[in-house]
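Dock chains B and C against chain A, hints included.
Read top to bottom, the protein sequences are chains A, B and C.
Following the numbering used here, the numbering of the first sequence begins with 1 at its first residue and continues without gaps.
Following the numbering used here, the numbering of the second sequence begins with 1001 at its first residue and continues without gaps.
Following the numbering used here, the numbering of the third sequence begins with 2001 at its first residue and continues without gaps.
No lab work stands behind these hints, which were simulated from the structure alone.
Be aware that a few hints might be false.
What the hints assert, rightly or not - 25 Å max Cα-Cα, derived SDA-like pairs, lysine to any residue:
#: 1; chain 1: B; residue 1: K1225; chain 2: C; residue 2: A2022
#: 2; chain 1: B; residue 1: K1225; chain 2: C; residue 2: H2009
#: 3; chain 1: C; residue 1: K2114; chain 2: A; residue 2: A80
#: 4; chain 1: B; residue 1: K1225; chain 2: C; residue 2: V2010
#: 5; chain 1: C; residue 1: K2114; chain 2: A; residue 2: L139
#: 6; chain 1: C; residue 1: K2114; chain 2: C; residue 2: H2061
#: 7; chain 1: B; residue 1: K1315; chain 2: B; residue 2: L1377
#: 8; chain 1: B; residue 1: K1314; chain 2: B; residue 2: G1356
#: 9; chain 1: B; residue 1: K1315; chain 2: B; residue 2: I1374
#: 10; chain 1: B; residue 1: K1315; chain 2: B; residue 2: Y1396
#: 11; chain 1: B; residue 1: K1225; chain 2: A; residue 2: L128
#: 12; chain 1: C; residue 1: K2114; chain 2: A; residue 2: L84
What the hints assert, rightly or not - Just so you have them, the derived chain A footprint on chain B, three or more residues with Cβ under 8 Å:
#: 13; stretch: 1269 to 1282
#: 14; stretch: 1331 to 1339
#: 15; stretch: 1342 to 1352
Claimed, not checked - Here are some of the chain C residues that sit facing chain B, going by a computed Cβ distance under 8 Å:
#: 16; residue: Q2011
#: 17; residue: A2020
#: 18; residue: T2021
#: 19; residue: S2032
#: 20; residue: L2035
#: 21; residue: L2036
#: 22; residue: A2046
#: 23; residue: F2049
#: 24; residue: P2128
#: 25; residue: H2140
#: 26; residue: G2141
#: 27; residue: L2144
Note that the Cβ used here is the ideal one computed from N, Cα and C, for glycine as well.
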Amino acid sequence: MTRPDDPTSLPAAAPTSPVRAPDTDTDDPVRAPNTAIDEPYRAPDTDIDEPAHEFGPPATSPPREPGAAGYVLVWLALVALATLTLIASRAVPGGWGLAIAFVVASAKAGLVVAFFMHLAGGRPIHRLVFAIAIAFLVLLVLGVLADVGTRSLASAYVDDLGGPP
Amino acid sequence: MTPDAPPPAPGDAPPSVIELASTELAWTELTVAADPARAEAALELDADRSYLRAGSGIRSWLLTTDHKRIALMFFVATLLALMLGGAFAMVLRTKLLTPGPGFIEPLTYNRLFTLHGVVMVFMFMIPAIPAVFGNFFLPMMIGAKDLAFPRLNLASFYVYLAGAALTLWGMIHGGADTGWTFYAPYATTSPTDVAPIAIGVFVLGVSSIMTGLNFIATTHMLRRKGLGWFGMPIFVWTIYATSIIQVIATPVLGLAVILVALDHALHMGIFDPALGGDPVLFEHLFWFYSHPAVYIMILPAMGVISEIVPTFSKKHPLSYNALAYSSLGIAFIGFLTWGHHLFVAGISQFDAALFGAMSMFVAIFSAIKVFSWIGTLYRGSITFNTPMLYFFSFIYLFAFGGMTGIAVATTSLDIHWHDTYFVIAHFHFIMIGGTLTAFLGAIHYWYPKMFGRMYPERWGLVSAGLVFAGFNLTFVPQFLLGNAGMPRRYYSYPVRFHMLNVMSTLGAYLLGVALLITLTYLIVSLRWGRRAAPNPWGSRGFEWRSPSPPPVHNFLVPFDPAHGPYAYDALPPEAPPPDARPLDVSPSDAPLPNVPPREPA
Amino acid sequence: MTAARTSLHVQYDSLARQHATARLGMWVFLGSESLLFAGLFALYAAYRFVYPAEFHAASAHANVVLGTINTYLLLTSSLTVALAIHATRRGHRRRTVLLLGATIALGLAFDVLKAIEYAGHLADGIAPGGYYAFAGLPAHGVVLYVTLYYLLTGMHALHVTGGLCMLAWLTWRAHRGDFTPQSHIALELGGLYWHLVDLVWIFLWPLIYLIR
Chain A
1 MTRPDDPTSL PAAAPTSPVR APDTDTDDPV RAPNTAIDEP YRAPDTDIDE PAHEFGPPAT
61 SPPREPGAAG YVLVWLALVA LATLTLIASR AVPGGWGLAI AFVVASAKAG LVVAFFMHLA
121 GGRPIHRLVF AIAIAFLVLL VLGVLADVGT RSLASAYVDD LGGPP
Chain B
1001 MTPDAPPPAP GDAPPSVIEL ASTELAWTEL TVAADPARAE AALELDADRS YLRAGSGIRS
1061 WLLTTDHKRI ALMFFVATLL ALMLGGAFAM VLRTKLLTPG PGFIEPLTYN RLFTLHGVVM
1121 VFMFMIPAIP AVFGNFFLPM MIGAKDLAFP RLNLASFYVY LAGAALTLWG MIHGGADTGW
1181 TFYAPYATTS PTDVAPIAIG VFVLGVSSIM TGLNFIATTH MLRRKGLGWF GMPIFVWTIY
1241 ATSIIQVIAT PVLGLAVILV ALDHALHMGI FDPALGGDPV LFEHLFWFYS HPAVYIMILP
1301 AMGVISEIVP TFSKKHPLSY NALAYSSLGI AFIGFLTWGH HLFVAGISQF DAALFGAMSM
1361 FVAIFSAIKV FSWIGTLYRG SITFNTPMLY FFSFIYLFAF GGMTGIAVAT TSLDIHWHDT
1421 YFVIAHFHFI MIGGTLTAFL GAIHYWYPKM FGRMYPERWG LVSAGLVFAG FNLTFVPQFL
1481 LGNAGMPRRY YSYPVRFHML NVMSTLGAYL LGVALLITLT YLIVSLRWGR RAAPNPWGSR
1541 GFEWRSPSPP PVHNFLVPFD PAHGPYAYDA LPPEAPPPDA RPLDVSPSDA PLPNVPPREP
1601 A
Chain C
2001 MTAARTSLHV QYDSLARQHA TARLGMWVFL GSESLLFAGL FALYAAYRFV YPAEFHAASA
2061 HANVVLGTIN TYLLLTSSLT VALAIHATRR GHRRRTVLLL GATIALGLAF DVLKAIEYAG
2121 HLADGIAPGG YYAFAGLPAH GVVLYVTLYY LLTGMHALHV TGGLCMLAWL TWRAHRGDFT
2181 PQSHIALELG GLYWHLVDLV WIFLWPLIYL IR
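Just chain A, with the same shape it has in the complex (with noise of 0.2 Å):
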């Protein structure tokens, strides 16, 4: 770690110690992005940032993806879901219909996020993220029905909104 300028030098103008680090701004040519069209795009092997002088934790690179043969693969699959959710749903009713149906939906959904939207292949925060989202969905979800759902078990009157009649 260097020290700071000796502020007996006051200078006049600015400082120009080279301990000072510089303001940095975006057309410092050190910094430049890589602006090449041509080149196709390539997932390196290992992560695109060198040490930096600054930063800390390394920045993955972007996720692998599929490839086009891969998006149809799964669109098919998708549609074939969406299909079956249709006939099961005429064909089992009542509670076991809703069963299913969410079941099938869920499994269309996983097929969405992982290939689509490249949590398969991604950065596990982004995993994490999607997960505590759904788990406060569902937190939510299971709290109301706690209390709706046991209202005419647990409570001592029952009322209009008591259950199932």
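Here is chains B and C on its own, set in the frame of chain A:
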């Protein structure tokens, strides 16, 4: 290492912690005794490079992306909100001097307590510490030059202003009388104009989400090289935990108030019993946000305390890991407890029992923090500056407020206390005694860093004492009132409650005066305060390793995170105590010992 | 540095970090948006639990055909936007623009069908809340399904429309040549948002239309 020593040549061993501490102390030494002229000159040089001077004119402020300037703009806005909400409170308490009809109408009274709540919660308490001190110090504390998304930061300020403007317009335009909680079915059928205020709250929530998003991204991605999660100051942990709550919980509030606005304006009837709806469902949605919201209010305050206590004890925290993990713990558990606001609303006994049990857990993490702070004091070298006085105030008021919180979270007790002044006293103990106290402590702690000036220490101590006294006189009687059965939000009350109400009102006046005194000397010190050293408290925190006020990009020289923010053990025994500066009573043109008065420019 | 290229902001040491931070910010935003719909799902769950017969009866009047077509439209639009980003990575500017245009077309079709659906319901008196005037079913309980239907699909349609505006802007930028194989973060973020819109509909569709 004295100021005259040559800088180390490249290839030298890096300076030891002792040398480093001496260097950083040298900055303080300069302003205390060694050479007054050099000290003043150094401080002048720093002032010229500061973020306050970089770029002049109104546009350089209104269109800034500098997180420090945005923090100051939030500072002004939230202080105005505090004063507005406080003014409403003063009118309410003045009415409550008399048990019968008073100088305002009942409808006005209802509007005023609604607006007092809305303004205080959404325009002050939620943004205050994060948007002011989080904005200013989060990047500095991780060694970054700015937040992850500076333009989003500026946008969050303008969205805040838009929400505030909409809310205030709604206030003037026949403001709501529903209470800040907007309960259905009254809020959906009230003759007053609910929709503008509800939408204003929605917009304020958007600002809150933007801020939280920015902080999360910044903490993950912009930490300085060598600074891991467990090397950061605790304040960053608490702001991070707060930001998680903000982005997860606020959308649910947004939905709840939009539903109220739609229901009121367009008769959507989603909570209308005549159509089969259930008003309690609104309360579920509302409190799913509003309970974690109180942790948005208190977590940053705890972060401030976690910075103040080690600094003024010259000691590392009792347990860094405890403080860090308990921040996440509070954020998580806070989401599991919202039903304790619905105990008497008509939820099932099962649900009430479930939430009652969960609510007991959140106190564990708060207790961990309280014990950590107290344990930090033990064997520390304590100095009683104003921020430290606010800490002692905080620890007393937060402990009592927290314990009464556990009390009201007990279902059987809450049946007696719900919707009485007991609850009001409880949450004001936490909000004023906790958050506002920490906010004031933060202002005084970081004032030298933000503005390059010192506030007058004796005034600070006195007004901190007056705030404490006024607060207690206001709210302790309210515990007694609530326990005796006085309901909240009532315009008139039985005569037997008269004396306690008068005490409470007098306390409110005292509190108001104390806060005005504080505001006054803080404003005066902006211009006439003694110029501050970079590190007047001798703190090891990262934000103090930069001039006061900081330059635009926060640091002149990148700090070395290997010397952590609480490394007080490394102070050399022979160095002069960093707090060896005289108490300052008057503005800086009164001569300090060894320092001749400054020549007029 | 031309205005068309993403400039490196001063607080970042590399464009890779800047882009990675933008991606993280977008995921946090998507998490937040999910919670916005969470409240409506909670209301739906509660009321469906309490009024299963009414919900069943009311959903018989939902337009399953239009709803199902909309499902396939959105699924396909997710494919086209993913392929558009893929095309940008290959450097095919024109293909990117075409695929983005296809996404917008599919999204627009979704909105149009939704409007037709709403118009049909409103003509029958199937309106939310106090405006419910459908002779076929008594209001109690049923109107909650109807109101939730309008709230859920309306909130979703607002997000679709916002997404369309965003996609239009991205299409224009792609046409202008702003996106390079190495640097197209705005396109990635826009794609993520559009996939979220699809995700919400994946859950909405069976809950609204396929109750048996």
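Restraint check for K1315 (chain B) with I1374 (chain B), where alpha carbons must lie at most 25 Å apart: 12 Å, holds
Need the status of pair K2114 (chain C), H2061 (chain C): alpha-carbon distance at most 25 Å? Holds - the C-alpha atoms of H2061 (chain C) and K2114 (chain C) are around 15 Å apart, at most 25 Å.
Any CB of chain B closer than 8 Å to the CB of T2021 (chain C)? Where the cut-off is 8 Å and the nearest Cβ of chain B is about 4 Å from T2021 (chain C), the hint holds.
K1315 (chain B) and L1377 (chain B) were given as a pair; does the straight-line alpha-carbon distance stay at or below 25 Å? With a Cα-Cα distance of about 8 Å, the restraint between K1315 (chain B) and L1377 (chain B) holds, given a limit of 25 Å.
Is the listed coverage of the stretch 1269 to 1282 of chain B by chain A valid when you require three or more residues with a beta carbon under 8 Å from a beta carbon of that chain? holds (count 5)
Holds or violated: K1314 (chain B) with G1356 (chain B), Cα cutoff 25 Å? 40 Å, violated
Taking beta carbons only, do three or more residues of the stretch 1331 to 1339 of chain B come closer than 8 Å to chain A? Per the Cβ count (4), the hint holds.
Close enough to count: is the Cβ of Q2011 (chain C) nearer than 8 Å to one in chain B? At 4 Å from the nearest chain B Cβ, Q2011 (chain C) passes the 8 Å test, so the hint holds.
Do the alpha carbons of K2114 (chain C) and A80 (chain A) lie within 25 Å of each other, as the hint requires? 23 Å, holds
Straight-line alpha-carbon gap K1225 (chain B) to A2022 (chain C), limit 25 Å: Distance of about 20 Å is within 25 Å: holds.
Can you verify the interface hint for L2035 (chain C): is its Cβ closer than 8 Å to any Cβ in chain B? Constraint on L2035 (chain C) satisfied, holds at 4 Å.
When you check the alpha-carbon spacing of K1225 (chain B) and L128 (chain A), does it fall within 25 Å? 23 Å, holds
Of the hints listed earlier, those the structure fails to meet are numbers 5, 8, 23, in rising order.
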